[in-house]
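These are the residues of each chain, in order.
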Amino acid sequence: MSFLRFGYVSGPIIGALWLFVLSTTVSITMSFATGDPFRPSLWASLFCGVILGGVATTANAMPMKAGVIGAVVFILTLVGFGPIVMETSAFNGVVAALILAAAMGGSMAKIMDKCPMGPLTRHEMEEVWIRFLTGFGYIFFTAIVLIPFYVMVMTSLKSQAALLQNPLDFSLDIDKGWALFRSYQELFRDFNFGTYMWTSFYVSVLTVLITLAFSVPGAYAVARLQFKGRAAFSRSILLIYMVPMIVLALPIYIAFSVTGLRNTILGIVLIYPVTTIPVALYMLQGYFRGLPAEVEEAGLMDGLNRLQVIWKITLPLALPALASVSLYVFMIAWNEFLLAFMLLDDPSIFTLTRGVAMLNSSEIPREHLMAGAVIATIPVMVLFLGLEKFMTKGLTAGSVKG
Amino acid sequence: MTVASPPKGTGPLQRREARLAWMLLLPTISIVSLVVILPLLAIFWISFKPIGLADLRPVTPVVREDLRNAGDPDQAIRYRVQNRSQDTPIENVVFTDTIPEGATLGILPPDCSLTGAELTCVIGTLEPRDRLTFLIPVTLEGDLEAMEDALEDDTEAAATGEADSILTNTEFTVANFVRVFDANEFWTVMWATVFYTVFGTVGALVFGLFAALLLNKSFKGQGILRGLYLFPYVAPVIAVAFTWVNLFDPFSGSANALLVQMGVTVETINFFGQRPLALIMVTVFEIWRYFPLSFLFILARMQSIDTDMYEAADMDGASPFQKFWYLSLPMLLGILSVLFLLRFIWTFNKFDDIFLLTGGNAGTRTLTVNVYEQAFAISNIGAGAAVAVVIFGCLLLFSFFFFRFISREEGL
Numbered sequence: 001m002s003f004l005r006f007g008y009v010s011g012p013i014i015g016a017l018w019l020f021v022l023s024t025t026v027s028i029t030m031s032f033a034t035g036d037p038f039r040p041s042l043w044a045s046l047f048c049g050v051i052l053g054g055v056a057t058t059a060n061a062m063p064m065k066a067g068v069i070g071a072v073v074f075i076l077t078l079v080g081f082g083p084i085v086m087e088t089s090a091f092n093g094v095v096a097a098l099i100l101a102a103a104m105g106g107s108m109a110k111i112m113d114k115c116p117m118g119p120l121t122r123h124e125m126e127e128v129w130i131r132f133l134t135g136f137g138y139i140f141f142t143a144i145v146l147i148p149f150y151v152m153v154m155t156s157l158k159s160q161a162a163l164l165q166n167p168l169d170f171s172l173d174i175d176k177g178w179a180l181f182r183s184y185q186e187l188f189r190d191f192n193f194g195t196y197m198w199t200s201f202y203v204s205v206l207t208v209l210i211t212l213a214f215s216v217p218g219a220y221a222v223a224r225l226q227f228k229g230r231a232a233f234s235r236s237i238l239l240i241y242m243v244p245m246i247v248l249a250l251p252i253y254i255a256f257s258v259t260g261l262r263n264t265i266l267g268i269v270l271i272y273p274v275t276t277i278p279v280a281l282y283m284l285q286g287y288f289r290g291l292p293a294e295v296e297e298a299g300l301m302d303g304l305n306r307l308q309v310i311w312k313i314t315l316p317l318a319l320p321a322l323a324s325v326s327l328y329v330f331m332i333a334w335n336e337f338l339l340a341f342m343l344l345d346d347p348s349i350f351t352l353t354r355g356v357a358m359l360n361s362s363e364i365p366r367e368h369l370m371a372g373a374v375i376a377t378i379p380v381m382v383l384f385l386g387l388e389k390f391m392t393k394g395l396t397a398g399s400v401k402g
Numbered sequence: 001m002t003v004a005s006p007p008k009g010t011g012p013l014q015r016r017e018a019r020l021a022w023m024l025l026l027p028t029i030s031i032v033s034l035v036v037i038l039p040l041l042a043i044f045w046i047s048f049k050p051i052g053l054a055d056l057r058p059v060t061p062v063v064r065e066d067l068r069n070a071g072d073p074d075q076a077i078r079y080r081v082q083n084r085s086q087d088t089p090i091e092n093v094v095f096t097d098t099i100p101e102g103a104t105l106g107i108l109p110p111d112c113s114l115t116g117a118e119l120t121c122v123i124g125t126l127e128p129r130d131r132l133t134f135l136i137p138v139t140l141e142g143d144l145e146a147m148e149d150a151l152e153d154d155t156e157a158a159a160t161g162e163a164d165s166i167l168t169n170t171e172f173t174v175a176n177f178v179r180v181f182d183a184n185e186f187w188t189v190m191w192a193t194v195f196y197t198v199f200g201t202v203g204a205l206v207f208g209l210f211a212a213l214l215l216n217k218s219f220k221g222q223g224i225l226r227g228l229y230l231f232p233y234v235a236p237v238i239a240v241a242f243t244w245v246n247l248f249d250p251f252s253g254s255a256n257a258l259l260v261q262m263g264v265t266v267e268t269i270n271f272f273g274q275r276p277l278a279l280i281m282v283t284v285f286e287i288w289r290y291f292p293l294s295f296l297f298i299l300a301r302m303q304s305i306d307t308d309m310y311e312a313a314d315m316d317g318a319s320p321f322q323k324f325w326y327l328s329l330p331m332l333l334g335i336l337s338v339l340f341l342l343r344f345i346w347t348f349n350k351f352d353d354i355f356l357l358t359g360g361n362a363g364t365r366t367l368t369v370n371v372y373e374q375a376f377a378i379s380n381i382g383a384g385a386a387v388a389v390v391i392f393g394c395l396l397l398f399s400f401f402f403f404r405f406i407s408r409e410e411g412l
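In the order they appear, the protein sequences are chains D and H. Take the first sequence: its position 228, counting from 1, is numbered 228 in this note's numbering, and each next residue is one higher. Take the second sequence: its position 214, counting from 1, is numbered 214 in this note's numbering, and each next residue is one higher.
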């Protein structure tokens, strides 16, 4: 790779790659935003990028280089020989060219900052390439995460006929006003989604409460008390954690069919906590171990018994951990699909995920399915974004469960 | 004078503590064994049973009654008792019926007796698909229509019997396992499982590592990006899976439209419907959905690495890549291996994602999907259980490795 250690080699290569990345990104963004065809031109991008990459390694000041690169990209794109080929209105064309020019000008000069044209030290060469890869990484990860969610939301707001005509046209008819949310209205009015939401909510809350009631004492015992078989016990928790749900779902299905618990909310509330107790126990015991034992011992010396110690000392100290565990368990219960799908047949007691699964039929238009997906996603997202600190902590605390 | 020596065995305090511990654990242990251990044992039991989905309904005799030749001199109540099962005999079959007032029965068949208004007929054993008919002459007083209704609808005849349930008898077979291993598709299923598990796990780790490297510096918007990158993991699987199906739909999918517009392909691609693309796509979905998790763990570990080390490396003139290769990576090796093992097991266990994306078609049927496929699509519960036993065997093997590692890497 020693040939990369010259500014006049690394610069043009990075320039070409980066311009292609940017023109693809801008094309996709503009296509999704307007529905008009935008296409990155591979050869024009490479050719243009090679030259601009070279420009970026010159000794001029950074704003100067940025301006020159931006101007070249802007003019070429508008003339029609640029990195983006498009058939769209003049306004959209200017916007696309402007975005691309600004992005390329600013970022290229920054990537090539302090990179001379001639021989590079190893440091300089790696810095330049790392800056390029970092930029690419941000674009790549943001795109792969955002695109599906963007498509989900936008599809739910458009009619299936319009999407069949042009699957790329996600532009919204703002004039329609509230009529945009027609599929949401219909879901709540005709498909009982309000009830499903409520069912999902109280099932999840009950699951959290039952899980905590079982796992707090268990976790405390494993973390603090000495008894024979402690190590074996905490290992078997992990082991249970690894048994796939589908293996258990089969006998549970049989048992519930025979006892008549199938197709009841009671059955669901009975079975959900069992899937979450091992996770919660594992997370909580890790946290309890981290609490100072001296505080509890002081409590014991002052005449509290163990249960009082747990109630009056340990639990108040562990409130943040309880919050993260609750959130995590709530998320698992809310998102749970397999058991709800297997055990519930009666549309009047569906949970939200089961209700969304019901929408996946050829007779129901796509926008209803996507609207259902949005309805199922928003509450978890709101919870997650609002309490992100607890959530990330809870996730790292002991959950590698998927 | 006695010599003081340390106490041997467990003292009363220790015993009390142990007792308390078990008391606190008791609820958890009992409920977990009820819903985890018991079903696991049941799976082993069922996997040796020739049992289908239809066998879950208990085998009971069915009785129906109606009035024949109403109004004629030879009018009679007809009872038809039937064993609808194809292969299970029912023993000790008895049916009873309440005769309404105003109806007088004639000569009873030898198996039947009348006590008060209660008619009881003892039948004995009813062979599979057997059907018995009893005709009992009856005289009716009053309005014929009303009496007919009273006879047929107001008082329902009930039949009881004891049938051998396939779930509890001692009939065993290895046909399920033969079926699972023998079928040609077993190797297809195995291949799909291995491909999905290995590439899904490694891919999620590698992408998670890259994402963590990107965000392992503080800048404006770092928190927002970190939250954003967790989206795929937090959203309900059902929502994102259907979105992917929608996005890659061959007719109305945006991804296909985009590819056609960019000139990458001329014809649209059926991403989830053709081999081997479908298997690659479900693996990509798995990577997409679970890279956030590895990202989160790796980032947490990265941020806990001491910065002094990097300063020392800077003094020695190490380049950025050298710092990553010789300093960061060895520090991350522990978390990476633990993550690999855990994710490996979890990806192996994954069911929902593939089930929602392809339903196990187009060469994407992994072992877990096969459980569902055998038990519910083909209605052969025994075969499904046999696949589940195979899965469980694999898991025992994995967890053996896992515990050997985790005892070394007590980082998690």
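Any given hint could turn out to be false.
Claimed, not checked - Capping the alpha-carbon separation at 30 Å, the derived lysine-lysine pairs in DSBU-like fashion look like this: (1) H/K217 with D/K228; (2) H/K217 with H/K323; (3) H/K323 with D/K114; (4) D/K110 with H/K323; (5) H/K217 with D/K110; (6) D/K228 with D/K114; (7) D/K228 with D/K312; (8) D/K110 with H/K8; (9) D/K389 with H/K220; (10) D/K114 with H/K217; (11) H/K220 with D/K114; (12) H/K323 with H/K220; (13) D/K389 with H/K8.
No lab work stands behind these hints, which were simulated from the structure alone.
Task: Structure versus earlier hints, numbers of those that do not hold, lowest first - done: Violated: hints 1, 6, 8, 13.
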